[in-house]
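Trainee: If you want the building blocks of each chain, they are given just below.
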Amino acid sequence: MLIEALLAVTFLSALCVLAAPDEWASRLGSVLSLLPLGGALYLYSTYDGAGNALLQSGSPAFETNIDWFSFGSYVMHWHVGLDGISLPLVVLTTVLTTIAMVSAWTTIEDRQSQFYALLLFTEASLVGVFSALDFFVWFVFWEFVLVPMYLLIAVWGGPRRAYAGIKFFVYTNVASLVLFIGFMLVVFASPVQSLDLAAVAAAVRGGEIQSLYGVSANTITTAAFLALLFGFAVKTALVPVHTWLPDAYTEAPTPVVVVLAGVVTKMGTYSLLRFNVTMFPETTRDFAPLLGVLAVVTVLYGAIVAVSQQDIKRIVAYTSIPSMGFVLLGLVTYTQYGLSGATFQMVSHGLLIAVLFLAVGAIERSTGTRMVDKISGVASEMPVTASVFVAGAFGYMGLPLMSGFAAEFFVFTGSFRAEYANAPLITAVAMFGIVVIAGYLLWTMQRVLFGPLRVDTDASVREVARSDLAPAVVLVLLAVALGVAPDLFMQMIQDSLTSILGGGV
Amino acid sequence: MVELPPLAPQYALGLVALLVLAVDAVWPGDRREDVVGAIAAAGTLVATGLAVWFIWAGTGGDAFSVFDGALMVDNLSLFFTVLVGSVATLVSVASIDYVRGESHVAEYYALVLLATTGMSVLAAANSLATVFIAVELVSLPSYALVAYLKHNQDSVEASLKYFLVGALSSAVMVYGISLVYGATGSLRLPAIAEAVSSEPLGGVFGVGVVMVLGGFLFKTASVPFHFWAPEAYEGAPAPISAFLSSASKAAGFAAAFRVFTVAFPLDAVSGTVNWALLVAVLAAVTMTLGNFAAARQESVKRMLAYSSIGHAGYVLIGLAALSGNADDLVLAGSMTHLFVYGFMNTGAFLFVALAEQWEVGETFEDYRGLAAKAPVASLAMTVFMFSLAGIPVGAGFLSKYFLFASAIDAGFVWLVAIAVVNSALSLYFYSRVVKAMWADSPESEFSLGSTPTALYVAVLAAAVVTVGLLAAFDPVTDTAVSAAHLLLG
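Quick mapping for you: the protein sequence lines, in order, are chains A and B. Per this note's numbering, the first sequence starts with residue 73, numbered consecutively. Per this note's numbering, the second sequence starts with residue 5, numbered consecutively.
Source of the hints: derived by calculation from the structure; they are not laboratory data. Note that the structure is predicted; figures quoted are calculated from it, not measured. One or more of the hints may lead you astray.
[To be verified] Ranges between beta-carbon positions, derived for each pair:
id: 1; chain 1: A; residue 1: Arg99; chain 2: B; residue 2: Val380; range: 20 to 28 Å
id: 2; chain 1: B; residue 1: Leu282; chain 2: A; residue 2: Thr315; range: 40 to 48 Å
id: 3; chain 1: B; residue 1: Ser201; chain 2: A; residue 2: Ile138; range: 43 to 51 Å
id: 4; chain 1: A; residue 1: Gly511; chain 2: B; residue 2: Glu363; range: 53 to 61 Å
id: 5; chain 1: B; residue 1: Pro32; chain 2: A; residue 2: Leu106; range: 53 to 61 Å
A virtual CB, placed ideally from N, CA and C, is assigned to each residue, including glycine.
Okay, chain A solo, but in the shape it has when bound (with noise of 0.2 Å):
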């Protein structure tokens, strides 16, 4: 019960915010945010489970699984649990939601108690899709993060909101109903008469899928696995359906940003790894080759348009790009190293990313303009926020004894030694990113924190508030932790996906 209680206490604390007037909203929300937190922590300290919820080849922790509602032989399940993948994502919702409700007290001054509100309803339907283990709920609930999400980036956002905001919408709808589609056409092609996917998992990777309508059983698996492989593509931005995500980042303020670059996005990699990886691992093997090199488009593309950005946060924007590149490299290895190193790297990512746009946010308010050659040296005038922006960049391009380097590393010891052809040359050629997003990553810092103090707008700067400095510094603690101690997550993360690895054949 304590899963549905976490959901409850955030959906209430959203409407509590709701219903709070504007003067109220920003202090009452994170308040509240801290709720789901400690609910959050108190499930990590308290964590029981084995194995992977998916593949039942141990229990998933508080795990719920009770009838919901029939309808005729259509029988609705409410099942939920936590296993080593969903509970870190779970942890890293609640950390960065917090952090977003925090680093909005001075960004955000219009129609507040809605803005807080719609955080704190993201992060209860963020926390029901990571926990979900029944389609049907999964679907619900990340329907549930779209429609607050585009609209904290269609109201609250930049100059073309409402452009970002809408496209951003259009893309992961349609998304989301190739993916309906996709899932749907296993299960009427299986025996399976639920929507549960442990089931569902057990019978694609049984070979007991059969064909419908004369269409033969292969052809329906790959044709799902397409499918689904699209739907989650588009949520994870990968290069060529990533259009939406430069300007839905660009546009959204700085919080909302937090959230989604930092847990929407894993959205689309949990999925994958949960449907694609752990569902169809015949068919994943089969695609890996492809799959591979999409991964590496996807980070060459991402490295090489940020070099040539000129705005900030754009730059950043665009930096992630290529690590969602580099979770699908890790996740078509079909080894422990490059699925545990895949799935660090979606918390890892989810901190570092969170800690740029914070600096960026932070930079643009203190400097008025984020354009990189309207401004430079600003390290001399705030010094922290420019120490947060090293410390991030440097955790991103996976320095030692910070998150990305265990994750990255993980993920390329993992990517050289996998099966599928051409693996260690993907691998290199991949890893050649790494050295582009280094090289501009260092050269946009030399121009905008270092030299002399130039800025060619009449703002006067200085360092920010300090609600805005503590989220990111705490942030980069955070990563340091990780990395010093990849063990907080790595060792339940290695549990959850052995089985992985172990069936399928």
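For chain A, the structure is supplied; the task is to place chain B on it using the hints.
Mentor: Showing chain B alone in chain A's frame:
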């Protein structure tokens, strides 16, 4: 313990209609309009409550035949009585603000109540004679209600168009009934079925069936008798548009379900006239036409009118799929969709009524920036729009899912494919409303004036039910499944 008559909800509705007129005649003080509105709302709520109680007590489990089999009280009739009763309650509550200050307020409520009575009788009608009478009992008040704002040219024109098409289709239907009677010698539905299955009937009977179908297509605003709907829904007072597009449509479907499953069972009549195939084609055309036309509208009310046609197309799948290896689930899927649609569509039209009260205009552009002024009502409208589109923020997703999934099981993949494409397209025009309200900035500053409390409450109630059904869908699905099961035996 006193035993209530099985038709208690219908009696309650009819009596309250008379009570409203009586109170109007004798009420001494001022605020007479509000009092009759409150009576109407309470009366419909009581009727709904009675029907819910009957379902809960298991009355509908085995059919109560009333008036020598002319009416039938079973889960189907109770299910739709709950639906039309709830819609009528919402509409009555919303109307308290909407019609305040107009003339003939009591007559307005009396007409709404009489039409509601007709709808719940229609859902129970078990003979072609009672079907026709009930259809007329729904239609005649509806014509008057559409023209209620008689100083408004559009309203009167819409009503005239509605009346002319309605009169024509009534004539078609009654002619069809006479042909069926001529061929089978009976008006009672089970007796018709007996006659049909005992001997093969000729073309006259087939023509009769198609003509009866035409009558129902008019009532449910389906192609090819749909073209009155956009004008009528747009010209009518918005609460009446909500009433007609939700409750009246649902009642029409209820009767169609009963007539076509009980009187014209497919295995017996498909040799003469395969109505399921006809319905399948019409379903595809109806949903496609409705959604494509809705995508091209500039007025929100008109968009909702066309979307209402589109949803009629989805519901028709339930009848069409009976020709498959049908279990009763598809029919139950249609019924659940109508139920959810009743709330989300009523809510959407009532939001339009709210916007009319605020005088913000009726096009998508006019809704710009509304969310900043009225966040809670806009949130409710957002729920309605997304739920209509089939995104799981409301129960619209559930009912669509069940309907489509069971239709696929019945072998109608092609029809579901068309429906899914339509459903995806519909997101475009529904989300336009959301975008206008939340994302776009208004061209000029505007203020909304006072909030009409009753209307506000009705909108919120519809939103709460739409979302709440997502969590507690069991009572609705159980009743629908058992009703369909009972119908198909």
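Trainee: Could you see if the CB distance from B/Pro32 to A/Leu106 stays within 53 to 61 Å?
Mentor: holds, 59 Å
Trainee: Within 53 to 61 Å: is that where the Cβ-Cβ distance between A/Gly511 and B/Glu363 falls?
Mentor: Holds, at about 59 Å.
Trainee: Given the range 43 to 51 Å, decide if the beta-carbon distance of B/Ser201 to A/Ile138 lies inside it.
Mentor: holds, 45 Å
Trainee: The hint says 20 to 28 Å between A/Arg99 and B/Val380; measuring C-beta to C-beta, is that right?
Mentor: Given about 22 Å between the Cβ atoms, the range holds.
Trainee: Indicate whether the distance between the beta carbons of B/Leu282 and A/Thr315 respects the range 40 to 48 Å.
Mentor: holds, 45 Å
Against the hints set out earlier in the document, no violation occurs for any number.
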